[in-house]
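So the sequences go chain by chain: A and B.
At the far end of the first sequence sits residue 876, using this note's numbering, and the numbering has no gaps.
At the far end of the second sequence sits residue 446, using this note's numbering, and the numbering has no gaps.
Possibly wrong hints are sitting among the right ones.
Derived DEER-like restraints, expressed as beta-carbon distance ranges [stated by the list, open to error]:
id, chain 1, residue 1, chain 2, residue 2, range
1, B, R157, A, I589, 34 to 44 Å
2, B, I365, A, Y106, 32 to 42 Å
3, A, P531, B, V286, 51 to 61 Å
4, A, T237, B, Q195, 33 to 43 Å
5, A, V769, B, I365, 20 to 30 Å
6, B, T425, A, P531, 50 to 60 Å
7, A, E804, B, I365, 26 to 36 Å
8, B, D186, A, Y781, 18 to 28 Å
9, A, G796, B, S391, 28 to 38 Å
10, B, G421, A, K657, 29 to 39 Å
The hints are simulated quantities; they were obtained by calculation from the structure and are not laboratory data.
Owing to the predicted nature of the structure, the values given are computational and were not obtained by experimental measurement.
Cβ atoms here follow ideal geometry from the backbone N, Cα and C, with glycine treated the same way.
Chain by chain, the residues:
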Amino acid sequence: MANTEKEVEVQANAGLVQDLDSFNAMMARVREAQKVFSTYTQEQVDKIFKAAAIAANQARIPLAKMAVEETGMGVAEDKVIKNHYAAEYIYNKYKDTKTCGTIEYDSAFGLRKVAEPIGVIGAVIPTTNPTSTAIFKTLVCLKTRNGIIISPHPRAKKSTIAAAKIVLEAAIKAGAPENIIGWIDVPSLELTNELMRNSDTILATGGPGMVKAAYSSGKPALGVGAGNTPVIIDSTADIRVAVNSIIHSKTFDNGMICASEQSVTVMSDIYDAVKKEFADRGCYFLQGEELDKVRKTIIINGALNAKIVGQKAHTIAALAGVEVPESTKVLIGEVESVDISEEFAHEKLSPVLAMYKAETFDEALAKAAQLVADGGYGHTSSLFIHPAQAEKIQKHYEAMKTCRILINTPSSHGGIGDLYNFALNPSLTLGCGSWGGNSVSENVGVKHLLNIKQVAERRENMLWFRAPEKVYFKKGCMPVALDELGTVMGKKKAFIVTDSFLYKNGYVKPIEEKLDSMGIQHTCFYNVQPDPTLASALEGTEAMKLFEPDVIIALGGGSAMDAGKIMWVLYEHPEADFMDMAMRFMDIRKRIYTFPTMGEKAYFVAIPTSSGTGSEVTPFAVITDEKTSIKYPLADYQLLPNMAIIDADNMMNQPKGLTSASGIDALTHALEAYASIMATEYTDGLALQAMKSIFAYLPSAYENGANDPIAREKMATASTMAGMAFANAFLGVCHSMAHKLGAYHHIPHGIANALLITEVMRFNAEPVPSKMGTFSQYPYPHTLERYCECAHFLGICGKDDNETLELFIAKIEELKERCGVKKTIADYGVKEEDFLATLDEMVENAFDDQCTGANPRYPLFSEIKAMYLKAYYGK
Amino acid sequence: MPVALHELKTVYQKKRALLITDRTLYRNGALTPVEKLLDEIQIQHTAYFAVDKSAEMNVVQEGVKAAALFEPDVILAVGGSDVMHTAKLIRVLYEVPQADVAELSKRFGDIRSREVLFPRTDRKASLVIVPTASGTGEEVTPYATVNDGAAVYTIADYEVMPEFVVIDSDYMISQTREQIAAAAKTALAHLISAYESPSATEYTDGFVVKSMESIVRFLPGYLEKGADDPIGCEKLAEASAMSGIAYANTEMADAASVEALADKMLQNACEDQTLLLRCRDLAYAIGISGTDDKETVVKLIERIKALAALCG
Numbered sequence: 002m003a004n005t006e007k008e009v010e011v012q013a014n015a016g017l018v019q020d021l022d023s024f025n026a027m028m029a030r031v032r033e034a035q036k037v038f039s040t041y042t043q044e045q046v047d048k049i050f051k052a053a054a055i056a057a058n059q060a061r062i063p064l065a066k067m068a069v070e071e072t073g074m075g076v077a078e079d080k081v082i083k084n085h086y087a088a089e090y091i092y093n094k095y096k097d098t099k100t101c102g103t104i105e106y107d108s109a110f111g112l113r114k115v116a117e118p119i120g121v122i123g124a125v126i127p128t129t130n131p132t133s134t135a136i137f138k139t140l141v142c143l144k145t146r147n148g149i150i151i152s153p154h155p156r157a158k159k160s161t162i163a164a165a166k167i168v169l170e171a172a173i174k175a176g177a178p179e180n181i182i183g184w185i186d187v188p189s190l191e192l193t194n195e196l197m198r199n200s201d202t203i204l205a206t207g208g209p210g211m212v213k214a215a216y217s218s219g220k221p222a223l224g225v226g227a228g229n230t231p232v233i234i235d236s237t238a239d240i241r242v243a244v245n246s247i248i249h250s251k252t253f254d255n256g257m258i259c260a261s262e263q264s265v266t267v268m269s270d271i272y273d274a275v276k277k278e279f280a281d282r283g284c285y286f287l288q289g290e291e292l293d294k295v296r297k298t299i300i301i302n303g304a305l306n307a308k309i310v311g312q313k314a315h316t317i318a319a320l321a322g323v324e325v326p327e328s329t330k331v332l333i334g335e336v337e338s339v340d341i342s343e344e345f346a347h348e349k350l351s352p353v354l355a356m357y358k359a360e361t362f363d364e365a366l367a368k369a370a371q372l373v374a375d376g377g378y379g380h381t382s383s384l385f386i387h388p389a390q391a392e393k394i395q396k397h398y399e400a401m402k403t404c405r406i407l408i409n410t411p412s413s414h415g416g417i418g419d420l421y422n423f424a425l426n427p428s429l430t431l432g433c434g435s436w437g438g439n440s441v442s443e444n445v446g447v448k449h450l451l452n453i454k455q456v457a458e459r460r461e462n463m464l465w466f467r468a469p470e471k472v473y474f475k476k477g478c479m480p481v482a483l484d485e486l487g488t489v490m491g492k493k494k495a496f497i498v499t500d501s502f503l504y505k506n507g508y509v510k511p512i513e514e515k516l517d518s519m520g521i522q523h524t525c526f527y528n529v530q531p532d533p534t535l536a537s538a539l540e541g542t543e544a545m546k547l548f549e550p551d552v553i554i555a556l557g558g559g560s561a562m563d564a565g566k567i568m569w570v571l572y573e574h575p576e577a578d579f580m581d582m583a584m585r586f587m588d589i590r591k592r593i594y595t596f597p598t599m600g601e602k603a604y605f606v607a608i609p610t611s612s613g614t615g616s617e618v619t620p621f622a623v624i625t626d627e628k629t630s631i632k633y634p635l636a637d638y639q640l641l642p643n644m645a646i647i648d649a650d651n652m653m654n655q656p657k658g659l660t661s662a663s664g665i666d667a668l669t670h671a672l673e674a675y676a677s678i679m680a681t682e683y684t685d686g687l688a689l690q691a692m693k694s695i696f697a698y699l700p701s702a703y704e705n706g707a708n709d710p711i712a713r714e715k716m717a718t719a720s721t722m723a724g725m726a727f728a729n730a731f732l733g734v735c736h737s738m739a740h741k742l743g744a745y746h747h748i749p750h751g752i753a754n755a756l757l758i759t760e761v762m763r764f765n766a767e768p769v770p771s772k773m774g775t776f777s778q779y780p781y782p783h784t785l786e787r788y789c790e791c792a793h794f795l796g797i798c799g800k801d802d803n804e805t806l807e808l809f810i811a812k813i814e815e816l817k818e819r820c821g822v823k824k825t826i827a828d829y830g831v832k833e834e835d836f837l838a839t840l841d842e843m844v845e846n847a848f849d850d851q852c853t854g855a856n857p858r859y860p861l862f863s864e865i866k867a868m869y870l871k872a873y874y875g876k
Numbered sequence: 135m136p137v138a139l140h141e142l143k144t145v146y147q148k149k150r151a152l153l154i155t156d157r158t159l160y161r162n163g164a165l166t167p168v169e170k171l172l173d174e175i176q177i178q179h180t181a182y183f184a185v186d187k188s189a190e191m192n193v194v195q196e197g198v199k200a201a202a203l204f205e206p207d208v209i210l211a212v213g214g215s216d217v218m219h220t221a222k223l224i225r226v227l228y229e230v231p232q233a234d235v236a237e238l239s240k241r242f243g244d245i246r247s248r249e250v251l252f253p254r255t256d257r258k259a260s261l262v263i264v265p266t267a268s269g270t271g272e273e274v275t276p277y278a279t280v281n282d283g284a285a286v287y288t289i290a291d292y293e294v295m296p297e298f299v300v301i302d303s304d305y306m307i308s309q310t311r312e313q314i315a316a317a318a319k320t321a322l323a324h325l326i327s328a329y330e331s332p333s334a335t336e337y338t339d340g341f342v343v344k345s346m347e348s349i350v351r352f353l354p355g356y357l358e359k360g361a362d363d364p365i366g367c368e369k370l371a372e373a374s375a376m377s378g379i380a381y382a383n384t385e386m387a388d389a390a391s392v393e394a395l396a397d398k399m400l401q402n403a404c405e406d407q408t409l410l411l412r413c414r415d416l417a418y419a420i421g422i423s424g425t426d427d428k429e430t431v432v433k434l435i436e437r438i439k440a441l442a443a444l445c446g
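Chain A on its own, in the form it takes in the complex (with noise of 0.2 Å):
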């Protein structure tokens, strides 16, 4: 105990801070002080807390008094509630608030939020409350672990340093280091200046001149500023709720607290009986001359009188000549400007107040704003009405530019929180946003003094597999899958969508039979071009306005598929845009665009009859606008088809150069998903699964058509587990540039595929890549590795991993060549002038295909070029 005693005499030994030196060396012994405390736990932080809180609040009454005494303002009484409330209410605020070391910990997204002390902390203390803004101060510190030196008022040192010393001695017995608190015994304004240059931060609270000095020195500031609270009462308002509100609020301390109410505006229907209420609740209204004097007394040469602050009604009047009732509460100005000119429209600190009559609700609103921007931009402004006018009180507050507006509420209690509120944090210190030049919008409170670190641990985006609800497949399959149409579902009507080959050769017959057979009505729409146009597709979709399907059957290649699903969409969403749906995104899961629900008026079958693109499983689809030849490629899980039959049958008669090049393109998609960054364990199985059917079934299915039907089934599958694979791990750069090889030479697209496929293996294979992709789950580059996995499930070992490649790479070429796929770009027939004429614009567009994001290796402008010349050239 003694010991204790002895610390805290400390800084009275070290002698009064009072100039330069002295402050230097108490600067320096809160920094030591505080690089301890900044080590606390937070339990011994709470203990210290609790018990600086606890000492404050039993000093409650002796520090009102003192403070009363010693600046010659406000009300004892009133101090000593707002003490207690900065000791009590403080405290069971943040009681349990984390303020050290780990305050939160999100394990699912692995982020840590680690609380830090800020350091030590300058304390601007006002005259209009020396003790109880010095304990809300000096006890948030404790809370957070920071040091704090006061700069008191010169009117108030007594009663400010009083209040911190009270707090040091609790804070030090509880084990707090000593000179956690210190403060300038002398202020001046060289100290004050000196001590916001040399603090971490500023909390300021003071008058404009204190907060812009805060502002300017350099330093972090928490600062407020003048209020100049607007009141409006709306006829609905309970008036004598109202007008008691605002006396009790005005006369608290004698009306020192910012928040408190400078001016009533009042609607003219109630405005009588407003002003009664006020007489008959003690308010003096100033009658003629007597408004004048008392204009002359509150605001000397555009400023406020210091002499008033703070005082009684009577006081104020007799200072200005003007006899009242000793017990009058509230001296009353009927004036009708809002202009800076008007005496009354300032900020006062003390119980005087303006009223203001106002013929509509705009016309209070305008007022109001009006003194808001006068004298308390930022602060505080207040509605009294009936709390059902939700429309009225929606305007108030998108008309104040006020951060705190406080509705039925005395604005004095209700500013600082907790007290007729009990969400706004209580506090004595309210920041006006940057309306008034502050930080901060909000109360203040300990989560302004902690600088919190958030530590981010890497994650893997959620990832997916997602395929129609009903893949069937099996050669002959298509009639037993078709019956579910009617049986389970009970369809009525049809809309099939071929192109008009198949139409032509009779493939939509057993469709239409079977159709027939359950008694479904069709139709069929078979003008599908290859590279499907929106005309086409807008023509359909009349057809299917008029026809009202119940289910879509899209029957053919990938163009049949793709036009079917945009008509689908078409027709489910009149109103949708191809623009917004064709935009690019980075993250499919992140697009800006949200594509409409499907299937509320048709359910969606894909029938393919090639087995290359995959397009019955995929949620992608193509179209080409014919007016501007520009590509539309649609991806968004909604176009996933919801039923895929893949039935050999419809497959036995693919001319050869389509089983060639849609096999290689589903060798592509394969070869594409397992090299994807968004590769899953679930696409994997899939991809080389289809891979190793290709290799042993393609030949065939290339070299004997019908007369291998096996070849034919094997190649059906392996085209939709391909497709699967893509459908969510979606492709690579070899797709982006066959993509505009497509469009700017019109090579078939598999053909396209097929020319470019080995050439973006070496480059992805590359383990020093210029730039790798960016992606959460794709760690470093080892694409090398699993092209090899690939490899080695094909059977195909070299001695080591570059030579397991090059083997692979020869057996694609292997592959192509015994399918017809000619050597270079060239060879199909695209001229050198032509193809270097368009390069450039192809590299640039194939560089911002969609497919591009998801291959392993992010590809330069450089790199693009390079591939396009070596296919061209084939060397």
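Add chain B to chain A, keeping to what the hints say.
Positioned in the frame of chain A, the structure of chain B alone reads:
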């Protein structure tokens, strides 16, 4: 989990969620993160947590009553296989109160030509499953088994499949060694059954190959290190879901031990050249090879049995 469940609001616009879990998980706060998230996205929720050690018909019926009162538009199951079975049945009976479970569970030769047609309804509620144990793969299968006194009913129909499944290994990290071992054995049994099944397709084979590879690579380490091996945990979770997908799309096999199933597969492979070659490919994919096909397959079977033995 949080990312996926956000879709309940953003994509599916759900309003009321019935959460189903078991007592232990509920008491231990397993639902707290889910509930917090649902609050955040303003979906009303209530929890039904009467599931105990097995799926029981009376618990299902109570749950159906709870659902009928609350009228959820999504049923969210968090738990192991008993919770999943219970939730699947609650959803069926909530939507089709007159359905007769005994009738629906009649054995059928072919799921597509059964005589008792499973009731199809306009969906009242989506089913979402968040498994807390890796192994059964129930989250992706069309099966639900329930005890009713002495009787055991197994329902198999794609109607009972959940609409979406969230596999977040954060929910499984505290599994005990016993749970891991049991899960691995279940997954292995599913894989062998699915691979050998006459209904096996290339689609299911792909899942089996990848799943088997993951188990061989990651199970021994995960068994040893448990919660200290979050990667192993995630790999096993994925492998078990993939084994479930494969198993869901073949046919149910009779329950038997991994060892017995493996021996049976070896025996069958010796008689059936096609199966022998397929088993060889599976072995290659895992990195096992021998001097000839037969030896390769024998080695594969040994490896699987060794894994099973490791699980005790």
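| Would you say the C-beta atoms of T425(B) and P531(A) sit inside 50 to 60 Å of each other? | holds (52 Å)
| That 51 to 61 Å hint for P531(A) and V286(B) (C-beta), does it hold up? | Hint holds: Cβ distance 56 Å, inside 51 to 61 Å.
| query | Given a hinted range of 34 to 44 Å, is it respected by the beta-carbon distance of R157(B) and I589(A)? | reply | Holds: the Cβ-Cβ distance is about 39 Å, inside 34 to 44 Å.
| Y781(A) and D186(B) - C-beta distance against the hinted 18 to 28 Å | violated (47 Å)
| task | Could you check the hint for me, namely that E804(A) and I365(B) are 26 to 36 Å apart, CB to CB? | result | About 30 Å separates the Cβ atoms of E804(A) and I365(B), which means 26 to 36 Å holds.
| Quick one: are I365(B) and Y106(A) within 32 to 42 Å, going by C-beta? | violated (21 Å)
| request: Using the Cβ atoms, figure out if G421(B) sits within 29 to 39 Å of K657(A). | output: holds (38 Å)
| query | Is it true that the C-beta distance of G796(A) to S391(B) lies inside 28 to 38 Å, as the hint says? | reply | holds (32 Å)
| Honestly, do V769(A) and I365(B) meet the 20 to 30 Å range at C-beta? | Since V769(A) and I365(B) have Cβ atoms about 26 Å apart, the given range 20 to 30 Å holds.
| task | Could you say whether the range 33 to 43 Å given as a hint is met by the Cβ separation of T237(A) and Q195(B)? | result | This hint is violated: roughly 54 Å between Cβ atoms.
Violated hints, in rising order: 2, 4 and 8; the structure is consistent with all others.
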